[in-house]
Structures are given as structure tokens and as C-alpha cells.
Amino acid sequence: MADVKLAFIVSKPPYKSEVPKLGATHAMAYQTVEILLEEGDTVTPVLCYVGDGVLNCLKGQKAMDIYGITSTETHLKNCLLVDLDVYVCKEDLENFGIQEDQIVDAEDMGAEKKLQVVPFETIKKTVEEAKHVLYF
Amino acid sequence: MADVKLAFIVSKPPYKSEVPKLGATHAMAYQTVEILLEEGDTVTPVLCYVGDGVLNCLKGQKAMDIYGITSTETHLKNCLLVDLDVYVCKEDLENFGIQEDQIVDAEDMGAEKKLQVVPFETIKKTVEEAKHVLYF
Amino acid sequence: MGTLTIGLFSALVGSMNYDFALKLAEAAVDKGHKVNLWFSSNAAGSPLKGQKHLKDYSHGETPLRKLIEKGVEVCTCEACSLARGVNKTNAIEGVQWSAMHWYLAKIHGSDRVLHIGGE
Amino acid sequence: MGTLTIGLFSALVGSMNYDFALKLAEAAVDKGHKVNLWFSSNAAGSPLKGQKHLKDYSHGETPLRKLIEKGVEVCTCEACSLARGVNKTNAIEGVQWSAMHWYLAKIHGSDRVLHIGGE
Amino acid sequence: MKLGVFLSEYRADSTILQRLSPEKLGIILVGNGVYHAAIKEKGQSSQILDLKANFYALKEDLETRGLDASKLDSRVKPLSYGDLVDLIFNEYEKLIWM
Amino acid sequence: MKLGVFLSEYRADSTILQRLSPEKLGIILVGNGVYHAAIKEKGQSSQILDLKANFYALKEDLETRGLDASKLDSRVKPLSYGDLVDLIFNEYEKLIWM
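Chains as they are written, first to last, in our numbering: chain A, 1 to 136; chain B, 137 to 272; chain C, 273 to 391; chain D, 392 to 510; chain E, 511 to 608; chain F, 609 to 706.
Just so you know, the hints here were simulated from the structure itself, not pulled from any lab data.
Just so you know, even glycine gets a beta-carbon here, dropped at the ideal spot from N, CA and C.
There could be a bad hint or two in this list.
Chain F side only, calculated, beta carbon under 7 Å to chain A, not exhaustive [what the hints assert, rightly or not]:
#, residue
1, R627
2, K702
3, I704
4, M706
In silico DSS-like cross-links for lysine-lysine, where the CA-CA straight-line distance does not exceed 30 Å [to be verified]:
#, chain 1, residue 1, chain 2, residue 2
5, C, K295, E, K552
6, E, K587, E, K552
7, E, K552, B, K226
8, F, K610, A, K131
Simulated restraints on C-beta separations [as the list claims (entries may be wrong)]:
#, chain 1, residue 1, chain 2, residue 2, range
9, D, K479, B, G204, 25 to 31 Å
10, C, Q368, B, M245, 29 to 35 Å
11, C, K342, B, K261, 35 to 41 Å
12, B, L217, F, N698, 43 to 49 Å
13, C, G304, E, K534, 23 to 29 Å
14, C, Q368, A, E94, 47 to 53 Å
15, F, R683, B, T168, 44 to 50 Å
16, B, M137, A, F96, 51 to 57 Å
Extracted from the complex, chain A is given alone in its bound form (with noise of 0.2 Å):
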């Protein structure tokens, strides 16, 4: 009976590339993995936005609208709602400007659980805390 934590680091803008998605949709399936675990066996990947990465967290992303794919809003959104932890650094956000009004929430969906703004301090205890560290 173990649980395993892992850090999850998004560190590249969305859309460029598939890599900030999967970030996303990897770190969810830690809600199903259990089916493939013995019992009593977790897996609890925290979900980090560093860097250029945090631009992955403005909200009103219309992709699904102009070119028919999911937004990676919306894969942040379905994190909130499996009670994923997610942080996203403070430092970076204010290089960019970016205000916390600005970044995705839940609330529509009925999420309690929002986007945690950290100081890098809190990202780079959690990679020191966590067995496997994923870099996206």
C-alpha cells in the first residue's frame, strides 16, 4: 500500500504543441488509474504551470468554436472538477500581467476547487516531494 506522488511541470505555452494538453490529460487519469493498482496502491500527480506555461491559463480560450477541438480551458476545467490539484506560479503570472480574474475557473460546472496561485516555492516543493517528475 503506496501512495506515489508525482509532479507534473507545464512549462510551454498551449496549442504550439500537444505536449501542455497532455499535461492535463495525463495527470487526470490519476482518477482511474486504481483499476490497474493493488489495493490501497495511489498515484497523486500535483499539476504545475511554470513559466510560458502559464499562458495555458487564460480563460475565454475559443478553440473548440474556430477550429473544433477541445480548449485546453476545458481540459483545466475537467482537472478542477477530479479535484486535481493545480498550481500555477505567481511569479510568472504577474511577468505577464496576467490577474487572477483572468485565469480559468469552474464555477459554471460547479467546481469548488479552483487554480491555485503559488510562489514558485511551493512548485519546487512539491518536485522535491514527489518520487517522478514529468516534464511537459
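Take the given structure of chain A and dock chains B, C, D, E and F to it, following the hints.
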């Protein structure tokens, strides 16, 4: 009856992307394009290596021995064998401290043609004289 | 009206360069221009037919068939496709198969060329 | 002896990340380690069988079959593959099909994880 | 030379544009290139916008990313795919994608 | 934290490494990352090598690019795929590919 001049600009280092290699292979295709053109029509590409792209021109690449794929060096030799003009930016070679005796030649295959180390000004003129530019 | 040749080197899913190229081709055709589309590099994997249209992923097959219907000439680099396991038997019908000189020949007759070489 | 799980997101041809991952997997297996290999993103196009081995291109099918014979578990993201036109009928035999939780489950039991997320 | 450059990345090495210094330069921001039109870092606009050029940004790619096409840097003109086709055929002879 | 970082590009933003500042850092140069070990610009070695870390470069990737594994910056140790497997299992607990 018209000749269409093209500037092929390779600006990325080899191997991390297939794109720089395809700059050479697409340029080489000028040799057989006449089968698809009207009598007397021709295409004349000039293949230019600039910026980090000059790293494509280092000789002694062992991609075939190690990974089983044709090296960029071999593609460059083939370009010389089909008498393509290949320019390498002088200033960018100097930036990396690469000497002319370190760059690819095809003497062992009997080619008289060589890579031509030219100032950026010559590459600029090539772009100006070309009808179209293909940036790799 | 003019002729635009687009060279596309990016994969079907990932960078959204593929979506861009298809939308630009459609916009140009709808304005009465002639469009040619060349696939090389990872775009040469995209003529594989039977792509499942899932909303999380860029989808190429349906818009590509539509472009071909509208008269866009689409051609893939044969060697690039074969190396990726795509061949004439499993490919979308109407996509042409040729070598790199097809692209140069189309460029010869074009007013504008947009070579999308990014991956 | 340990367990190494490699997550690979890069296409078969292009960046040579694919070649790297296969060579690293083989080197680890040859030293007696257990290796798992997960394909997502553009690597999920790579289980397509019938890849023609041309010397100008990275080749995946032969080394992949060899790794599977040596006991490496290889699994592709089903949705990622289907979106690219690769499915169980045209895929290399022995490659497993699952969802992203397969990767997380293998990571749970691994000593080392190398997540190659580059394109 | 009338050169139209498609800039599709946010972190791209664009020094080649200064080196080519065409008489007429159009920079068309597409894909993640649109961040140059809409995002500041430490309060500063992108240095790309200091080049002597006409700037355009694809509306569809701005909106995809949650960026407001009405709040761009004043030097940048938003355009649609249709506008882009006209721009390509009428304003620029040679095109580069980077 | 013992962190092994695979650097696979020549032009990569590696500021995250300074920000993470692990107690033990290994930088393994692979793919085009090997240029950091073998190429100078304007006579200067890559700034990556100024990080407080142990440096390694994959011999196979050096040779693929025409670079001489015997002429690396003195701070970098060449290794093979086999050596790399041992390094991964014996020296570093967490791995990052960038």
C-alpha cells in the same frame, strides 16, 4: 520558357528535426523536375545555411553507423554531386569558430563542386533574386 | 485569381500548423484561387485513412476530402509516407503520390508559396 | 535490477527522440532491468505496421518488435492512436492498447521514470 | 523586396529578419506568434514590434488562446483567414514561415 | 534532491534548473544538447556549463553530428548508452527531459 529561382534557407541545426535534412533533399529534386514541366522550363534552387543551420555542414557525421540513417553530410555530398549551389554563411561559421577544413566536401566522390563560404550579403542577394523563399 | 502552393511539414496533431494550412487553403479556394498542398516530413503521415474524429484532437480526414472535392491538388511525398507505414492501399483516396519534384513543379507555376517547415 | 518507465511523445521520424528512447530501452534491458514504454502524442502514430525501412528515415517497426520480444512492455494511448488513423487492426502485434492510466500505473511501480515530452 | 513573414512561435529567433532588411516587411502573427501582439512581459511589449514592419495578427488564433482581438498593441492589425488570403496575394511577393 | 536533467536542445530555456536548485544536479547532454559540450560561440563556452552540476554528453550523439568526443569542454564527461543506464539507476532519483 522560364527559369524560377528559389532560395532554400536552412536555419536549424541537424537531427533535432527532420526539417534541415529535407531542405537538402527538396533542393536536390530540381534535377528531375523537368519531367513535370513544359519544355524549357527550369527551377534553380540555391541552398543556404545560416545561423545554427551551419552546424549541418560539419564533416565526419556518423549517423549511419550509429543510428542507421543517412547523415546530413551524405545529403550535402549528394547536393554537390548534382551540381547544386550550396552557400554557407561566413559570419555564422566564424561565430562558431568552424574552419573551412571542418566542413563537408565530396572530393572522395569525385565532385568538383564545393560548399561555398559566402558573406551573409550574398545570401541576402540570393533571397532578393529568388521568386520564392523556402525557410527550413 | 492566383495560384498558392502550400508546403506542409507538420504532423496532423500537435502544433496546429496542419489546421492552419487547411483553413488557409479553404479560404483561398473560396475566394477563387487555385491551391496546391504538398505533404512532407510528419505531414506525410496524415493521408492515413480511417482517422477517428475525437473532439480532443485535430482532425484531418474530413476537411482534406472536402478540399480535394473543391479542386485543391494534394500530394504526399511517397518515401516520407512509406517510411511511416502509410501507402497507397491505406491512404485517403484522391491524395496524389509523388516525389519532391512535384512540389518544385507546382512552385514553378505559383504566384505565392507558403512553405510551412516547422514541426 | 530496477524498473524504468519511458514515456515517449515524439514522432517516429524527425527529432530522433524516438531512436533515443528505443536505444535506451534496449541498453537497459540488456543490463537486466525491466522497461516499460508508453506512447502518447505523435509517438502514438508509430505503432502502424508495414513501415518501409528506407535508409533516409528513422525506422521503428523492427527495433520495436525486438524490444517486445525481449520483454519490454509497450503500450500506446488508444485515443491518441485512433485520432491518427492507427487502430488495433493495422498496428504492430504485441503493442498494448490502453488509456493514460496505464502510464501512471507503470510509473507507480517504477524506480525511474524518463518522460520524453518533447516534440 | 516585399517580404511577408509568418511568425508562429512566441520564443523564436527572428534575427534573420533584421539581417534580410527587406524594403517592405509584413509580420503576420499566427499560432503562438499572436502572443507578441497581446502579452507584455514586465510591462514591456514584445521587441518584435520594434521592427520596421507592418504587423498583423490572426483573429482566429487570438481567440483560440483567450486573447481579446480588440485589445492588441496599437501597432498590430487583427485579420481573418479571408483577409490573410488577400494580404498574401496583394501585398507581399515572397513569404517566409518561421 | 538528486535530479538528472536530459538536455536535448541547443537553444533551450533552462532557467527552471536555477530555480529548482537541487542539491545534486546532473546534466546529461543528448541530441542537439551535445553542442553545449563541443561548440563555442565567439570563443565562449556554453553558459549551461557554468551551472553547478555534473555534466555528461552522449558519445553516440556527438559522433552522429561530426563532433569529437575526445575534444569536449573539460567539464563534460562522454558516456555511452550503457553508461547512461548505470547513471540513471545509480546516481539520480528523479529525471527531467527538456
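Assessment of proposed distance window 44 to 50 Å (beta carbons of R683/F, T168/B): holds, 48 Å
Below or equal to 30 Å on CA atoms is what counts here, so check K552/E against K226/B. violated, 37 Å
For the hint 29 to 35 Å, verify it against the beta carbon of Q368/C and that of M245/B. holds, 33 Å
Within 25 to 31 Å: is that where the Cβ-Cβ distance between K479/D and G204/B falls? Holds, since K479/D and G204/B (Cβ atoms, about 28 Å apart) stay within the stated range.
Given the hint that K295/C pairs with K552/E, does the C-alpha gap stay at or below 30 Å? This hinted pair is violated, its Cα atoms lying about 35 Å apart.
Holds or violated: K587/E with K552/E, Cα cutoff 30 Å? holds, 23 Å
Does the CB of I704/F sit less than 7 Å away from some CB of chain A? holds, 5 Å
Do L217/B and N698/F keep their Cβ atoms within the hinted range of 43 to 49 Å? holds, 48 Å
Could you tell me whether the CB distance from K342/C to K261/B stays inside 35 to 41 Å? With a Cβ separation near 39 Å, K342/C and K261/B satisfy 35 to 41 Å, so the hint holds.
Minimum Cβ distance from K702/F to chain A below 7 Å? holds, 5 Å
Per-residue hint verdict: M706/F, partner chain A, C-beta under 7 Å: holds, 6 Å
G304/C paired with K534/E, Cβ distance criterion 23 to 29 Å: About 25 Å separates the Cβ atoms of G304/C and K534/E, which means 23 to 29 Å holds.
In terms of the numbered hints stated before, the structure departs from hints 5, 7, listed from lowest to highest.
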